[in-house]
Amino acid sequence: MTVGRPIRSSIDPNDATFLANEEAMLVALAEIDALLAQVVGGGGSTDAAKNARSVARLRSRGKLLPRERIDLLLDPGSPFLELSPLAGWGTDDPLGAGMVTGIGTVSGVRCMVVANDPTVKGGAQGPSSVTKGLRAMDIAAQNRLPLINLTESGGADLPKQAEIFVPGGASFRNLTQLSAAGIPTITLVFGSSTAGGAYVPGMSDYVVMQRDAAKVFLGGPPLVKMAIDEDADEETLGGAEMHARTSGLADYLAEDEADAIRIGRGIVAHLNWPQDRLPAPGSMSDPPRYDPAQLRGIASADIRIPFEAREVIARIVDGSRFEEFKPLYGTTLVTGWATLAGRPVGILANNGILFSEEAQKGAQFIQLCNRTRTPLLFLQNITGFMVGTKYEQGGIIKDGAKLINAVSNSTVPHLTLMMGASYGAGNYGMSGRAYDPRFVFTWPNHRIAVMGPKQLAGVLTIVARQKAGEAFDEAAFAPLRDAFESQVESQSTALFATGRMWDDGIIDPADSRTVLALALAACGDPGEPNSDPAGFGVFRM
Amino acid sequence: MTTPATIRRLLIANRGEIARRIMRTAKSRGITCVAVYSEPDADALFVAEADYAVALGGSTSAESYLNAAKVLAAAAATGCDALHPGYGFLSENASFARAVTEAGLTWVGPTPESIAAMAEKVPAKRLVAAAGVPLVPGAELDAELPVGELITIGEDVGYPLMVKASAGGGGKGMRVVSTADELEAAVAAARREAASAFGDPTVFLERYLPDARHIEVQVFGDRHGNVGHLFERECSIQRRHQKVVEEAPAANLHADVRDGLHRAAVAAAKAIDYVGAGTVEFLVDGTDYYFLEMNTRLQVEHPVTEEITGLDLVGWQLDVAAGEPLPPFPTVPDGHAIEVRLYAEDARNDDLPSTGRLALVDFDDPRIRVDTGVADGDTVSPYYDPMLAKVIAYGPTRTIAAARLAAGLRSARIHGVTTNRDMLVAICESPAFASEVTTTAFLIEHPQVREQWPDDQTLRAHALAAAAVAWHRAGADVADVRDAGSVPPAWRNVARPGGVSLVLAGEYAERLGAESISIHRRGIRVGSAEAAAGTAPFQWGVAAAAEATGTQAADEVEWLMGTTVTVDADGAAATVVADSGVRRDARVACYPTAPGAQDGGLVIWVDDPREHSTWLLPARFPDTDSAGVGGGPSAPVPGTIVAVLVAPGDEVSAGDPVVILEAMKMEHRISTDSDGVVGEVLVAVGDSVDAHQVVVRLAAGED
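Each protein sequence line maps, in turn, to chains A and B.
Going by the working numbering, 179 is the number at position 179 of the first sequence; the sequence numbering is gapless.
Going by the working numbering, 1101 is the number at position 101 of the second sequence; the sequence numbering is gapless.
It cannot be assumed that every hint is accurate.
[Unchecked claim] Cβ-to-Cβ under 8 Å is the rule here; a few derived chain B residues that face chain A:
hint, residue
1, Tyr1087
2, Ala1474
3, Asp1477
4, Val1487
5, Ala1490
6, Asn1493
7, Gln1598
8, Arg1620
9, Phe1621
[What the hints assert, rightly or not] Selected chain B positions facing chain A (Cβ under 8 Å, derived; list incomplete):
hint, residue
10, Phe1329
11, Ala1476
12, Val1481
13, Pro1592
14, Pro1595
15, Asp1599
Treat the hints as calculated values from the structure; they're not laboratory data.
Here a beta-carbon is modelled for each residue, glycine too, at the ideal position from N, C-alpha and C.
Extracted from the complex, chain B is given alone in its bound form (with noise of 0.2 Å):
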């Protein structure tokens, strides 16, 4: 036991959200903050925020957060007297929490014994098997195993069975294998993976329970002795082993599963003589629980826990590390949070992961609590987790705060990259996440909560307002329109048939039924027929598939009769309604495809209060010089080579992997779609590439 020290200065060994999170507790106390920061996170908000920060160099997490010796140095250049690593990094790095002490810093966590007794799962689960608490089936593997002998650990653990690192977590590392044949493959992959995220190739294999449910219990301890529970939380669905959404408390739960699991957290927590903030995780399969493994930090989902105890739980930690001794724990927990990870991914595109500069990030509701990290301007880069921000909700019963949540996240504009938004608000208002038991395998149960998409009226109200802003835009432009506030924009006293249009594409043009929709609009007059239904002086249409020219094509076009469309002076929103006399009102924001461009594209960002869509309207003119330029497997997403499995001379036949790129952690195997011999391989291992940078050349066929 450490003497008591009053925390004056903190250094917070992390980025993003959870650098933010620990500063507002900390700054809320009085502390001086320091932040360090990569260069790629050089504009980061919670750079902007700290009292003092420190660069650290370099772009990798290797180079920088993880790097143990350049956040030392940080600490102590800034006189600090305390460290908070978050989660993630180094947080779970017995060595490192040694080396912060030995330093002469308080350490804002676990001793180093109990983070290396539970760092290494195997010996972790034995330590906690000796506790009493159940395991999962499951087996070490050394480094050098022998393929037979890992085919027959592969037979007694059983399948489907998941390859694991050992020094992992956030899903990193893991591979879910449901036959011997691809075990193999599984277990190298996964100890790349496990040494270039944690430097640590080891790798065990632990019985795959698809359909069970992750719950895991909050645990804290004190030094004085005081080792208590703060609920559980439940984290069953997920995609590819990483957690989605999470609530506090489980729904839907035993009453003796869950002081099983509660008294099991304790327990295994106490094996350890636990100090600080810690997660026991279970898998719970009908009344059977099984202790999964526990992380000796905050986690992520450690909202939900605040949210239904009222505690800040950064708090407690600072608490615990400065000496004093914990409050007595509550014994109930008060209402229901729910908690989503708002990834910038593509939920209906195999949750391919979307960089690019985050244009607008806009939570302005008090429905919701949003912890993140980004702001606007900020770039979503390559190099670390997707997540954009977790958003939580609280309600005195479940059913509130999932209805607060989806809410919540609705009338959040997310401008610039792709997110799982929709996704996450599907899931909050399906019935199934209301009514059933949730499982790991929710995701894969519900696919449709990956198809959400505004309605057709809704859509096609979007696409006006849209259209009408671009014109708006554009009518700005022209003098003419811009000074003589009579002039629309693109009007005309000799209208074609079809009136004048623009084309919109984008997933939500095809929504409407094709590859690309146009917008019409033609002058009516007053008094004319066609004004009877009120529209003039504009009468709208919604065309398919025009091209970018625009033909005349007055008797494609279906005409809206009754809907107007009218678009504020600065040019940000736009009222359409519809012939039923439904009003939407709707914020729209442009944004240039090419900044500084003549007659470049825009994209379109449509929000109202329930629903959100994004229009590309097309350059005007086809890049002629882009034509021609050779084809070739090409690399999905910006991110690093790590593997290239081919020469120049291989030959190589369609659907064969080439390359290997790493990107958000994940590895994706860039593969030819055709027949041929490598001709050129344009990358090598450690080189970074941009999306859509072709890695492979293929040498000329014959003809």
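Isolated chain A, as found in the complex (with noise of 0.2 Å):
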């Protein structure tokens, strides 16, 4: 059985707009690509030559990048769907935040893998990095995946503790938790993991520690030293060969990099973890009838500009087919059904502004999918509810709320694609980061913020001529409006969010498909249909 019919695309590629984007587009990419090539190198810093360094030392001691450790330690057909890799950007923290975290298949089982990058600062964990590996843990505990760590990290980086003490403990918390909720944690230890990050495989299930590489212990020899003017070297402390015959904190003893991550594959192996729920019989996964790269072309450079979401769903879906639900209603919200690789999902794309119609259809549509456990796919693109008199009397407020509660109380599996604006409401009535999705990802041209910089700008504007009166000095007043909407502007832009870890990672648009395909597949199963307990129908609106 195939849901839905084809979308008949009326995209020209070789319309003026459509070059212009995909020009835009391909700009934004090539600073991206830049700033993940700085990041794959290793090093952390901006300093090529000191990056370098920090790499041949890794190197002349025969160890792998993180990158290198994670293609050894996946099936070697699986896909690696990276997460945050640019997690850090615009902030103090090296960029990438000195960690790898991403989805792939170990053993035949879908894993969380997250790996330090000893040539970053030691694998020091500042602040960005403690988000990310919170967040990574988050996506392990919300999808059902087991986690594995490659452990190689100098613990806190010291000069930042403050902002990282108190929030790093929930590090640990949540690796026992995730063993709480049958979900296996397995480290690997490749060199230090002390102090605090001695938690690390204290907390895991499975602890593999290499063979005169890795360092484990609460004290250091100095440390040592001065708490109890005991002499002792870091072997006895806390080398591999002792946890594995002494101390009884490590259950395998590897002999070198890659005989840990054979291990690591063997215990994953071993897991029984339930086989992927595969999409039904005869679903059809076939490609979209159109490339999914003219999205590059589809979206708009400028974000003021609208365009069409059913360009989008048709170079996203199996075979570009879409079931529409209440087309004719609330027009400027897409609402319907689709299939992704085989799965189901249920699709709500802006085309425009949100009004109480379209709101209403949401909450609606969001209901429906819950009763049949299909996992929603939110196509953001929004500048916010519709403002004024008509609206506000119409009882917009109301109707927002209805989308919010929905969305809010929604147990599927939600996926977020931002790929224009999102501002204001919008965002929250369309699964921004704060209702929990289990992915989000980016466009490069998306904007996030609370409203426009334009818009913001002009407000403040007309609170303050407001607030001053006779008195408002509108020429003096203006350079500090242009640096404020300056700020907004520059604080909105997806590397701004995505440095913050607001979303997930941003993608090439070409590659949506592939990337909310592996985000869907997962998100596991979302349960079976109709057992969802609440006590009413779906509510009509």
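Assembling the complex is the task here: the two chains are given apart, and the hints tell you how they should meet.
Here it is in structure tokens:
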């Protein structure tokens, strides 16, 4: 059975707007590629020579870079959906936060992998690392993904200890809570994992330590000397062999990095983890009829210019097939069903500003999808809910509340793709970050803020004018307004957002189908239809 | 002269391709066929195709196909009225032929008297000489000959000379000796081999003519006094005195010599009132020719004669055995036929036998005739001759026959063992083969035919095809890739500069310049500068000597701009289009090196219509368990120990032989590669050993 009928595209790839959008997108992607290359290169600083030295030092000790470790850990054919690769952008922290997180398949089991990058400050954890690590654990918990830590970290980034000590504690709590929830936790220790970091292996279900490399202790030789005046070497305090033979903290002793990874793969192989629930028999996972790469020319470079949401859907879902719900009602919110890589999905896509009808339509659609346990995909391009007397009196707050209520209490997995604007309560109604979607991805053209920079500056001007009355000096205020506008502009970019991990990563629009398919698969089993215990029928609104 | 008898049920006392060849004719005549088989042959094609089959038991030839009593019992048990011995085994055993006749069966072959007359090579020569046929200088050897006399006899014969088993054939028990001081050891070894292979240690010496041509004449006789010939075959191209290439008629042969050979052969056959199929072998040196021996059986290379005469020689054998008169002999050959023997051995590596499971054998090419006894899944065992198939091509001219044969060999798919196919192709395509007189020294004078490799462009395309299929297969193991048509295997949203990579090793990888190579694949953005060459969504690259773990070396990767690789849906074929626009469609097959093992390696065989290659995708993780196994001299191939030359406590130095191993009917000396004292001898005479099995351990050296 297939769902829906093919969308007919009316995109002209030679159209001037399309070409201009595509060109702007390629420029943005080139900037992102350069940043990603910097992250992947290792070292973590902006000084290329210094980075090269860090990597060379790692190599000289026969060690692998974190992504090389991951490539060896994953099944050879497994994709790897790396998350938050540009964490820390625009902050004091190293780009990428000295850590790699992502989802891939190990011994046939989809897992969350968290790997320290020892070339970045020796793998030390700054504030962005803490946020990124906690986010990875959240994803593991929500999506029931076994967690594999590839650990080699000097511990806390001490100059920033004040920012990380308290929130960082959750890492260890989360580890044991994952275990309590039946989600296996595995740690492979390739180097330092000391002080607080010692609790990463300490709280894991399975621990593998690499001989002559792992160092796991609460206090190293200098601290021990200071505290109890004992002379002890690192190997005696926390070497792999000691932990494997004496303390029992290590369950497996590995000869080298490859051996540790081989053992890790063996552990996952024995987990008896439930097989992935495959798409229903007979479901089609044929590619879209239209080239997903055209999304680069479809997405508006200037987010004030709207673009047709169905053209996006046509380049994401299987066979470009879409069964539209209420196509004639509340037309600025497109709703309907499709399959993505064979898995059913309900889609809500913005096609303009939200009015009462759209909010009600969305709320009804979300309820229906919860009844059928259909995961939801939010394609967000929203400048907000409509304002003005007519709409306030028409109860737009009440209707917006219905949508936000439905989004908040929906229990099916949510995926959110930020494909343009994300302003105001529209962000909330369309399952923004605070509404706990399983994954949030953004396109490079994406902008996010309480409202558009121009509008925000304009509002500020009006408020200031009202406050000052006759004394308001238009000319003197102008530079202030401009500064404010450009500050908002710079704080609403996709890079700013991804640096703060408001999303799980910026993606190439051309990769949207692949990324969303992997994310949807990672969400796992959405449950049996009609298993929602709500005491009411679906409200028709 | 015996009474004509209709053959209704035929026991075929042989195996492999010749058993099938005989069965093909016999079955076409409505004769019921009974096969006999040894334990290793239980699942062989010739057994399955027979109407009845009888197990002889045992693995060695002596226990099975050479065991006359068991073979006769099988014939009795199945009610056979005739027996065809094929070639080798009991085919030239006069007492067996007599026993068959005495058991009331029709013997498909010459009379026991003819066999006996030619079986002992020395008396045979006398007999033929008496009929006026010239002989190669040679001498008989008594078993108890003193060494001094042996040397004198050697000088009389002249060097180089050849030691040959009197009861032998097929190159077994033969030794070339170029100087007097090698003679004694060679005679001893030849006697040992002859005793093992034929049960008779008698050997003789013969002048070795390294530049001579080996030309033989097919003769046939019936019980009505007709004896004639079916032209000659040239079998000059040999390795280790075993024929590799056979053709009919002989090329570049003076008409007088040709006529002389035909006449001499018929004279020899008539001298012993020959009945049935026989072959008279000659050495031809310029316009001189010498009688070598007469084989009183059907030859391996009989198909080339069939191709140029349109006759069925097995059919003639059956007719003669049944007492029918032969039809008139053809007077002129039609066209030209060439046969090559495809062996499971490594022509690039001293013809070392290759054993193992034949994963795939596919000769689907109408241009060639293939006589084979093997099929997919068969095991090439060390017990028998390593010949996999005889591949034959016919043509109106020799040039066309050679080209057809080369093309047919090229298009074949043979997976699982190393074969001499590339050398055979190279011979057929060589200018030397096309234009020169070929002699028995051909392979020595043209060693380059052993080094036939695909060119670098092809190798590179094959490597890409192998890698792409390996990824495809790996992707099929991952639900996200398998179920979502749009997620490519090993997809990354954040790519390493070198992309994803995998390592390929093996001889073909080495041809590309390193012990192993890595194949890289990275995503390319549509619309980006790299994609201008049209390679999106992926760009492929090749790098040398990457480690199995793959390091980050984008600038060491040679990125192949414009090359695309696509894999078919079931991962069995790949198409590689190079930037030149040249498209190669290759079929790709992967076999796990350790079935069932997690993260095990793959052997990947790539075949295109012209070229083939083999790649090893190493296991992902080093096998830490196998490290630290003690070394020592070990068996290069599986086989049987025939002599142990050292005992514990013996001092040995590097290069000293410690054990002699017989495999594939060849003796292999196993030598130490270091000086030391023998600590332990791990094998005894008669033991079967596997390849790489350590046979002797040296005592730990004193530090």
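Cross-check of the supplied hints:
no.	hint	verdict
1	Tyr1087	violated (49 Å)
2	Ala1474	holds (3 Å)
3	Asp1477	holds (6 Å)
4	Val1487	holds (5 Å)
5	Ala1490	holds (6 Å)
6	Asn1493	holds (6 Å)
7	Gln1598	holds (6 Å)
8	Arg1620	holds (7 Å)
9	Phe1621	holds (4 Å)
10	Phe1329	violated (64 Å)
11	Ala1476	holds (7 Å)
12	Val1481	holds (6 Å)
13	Pro1592	violated (13 Å)
14	Pro1595	violated (17 Å)
15	Asp1599	holds (7 Å)
Hints 1, 10, 13 and 14, counting from the list given before, are not met by this structure.
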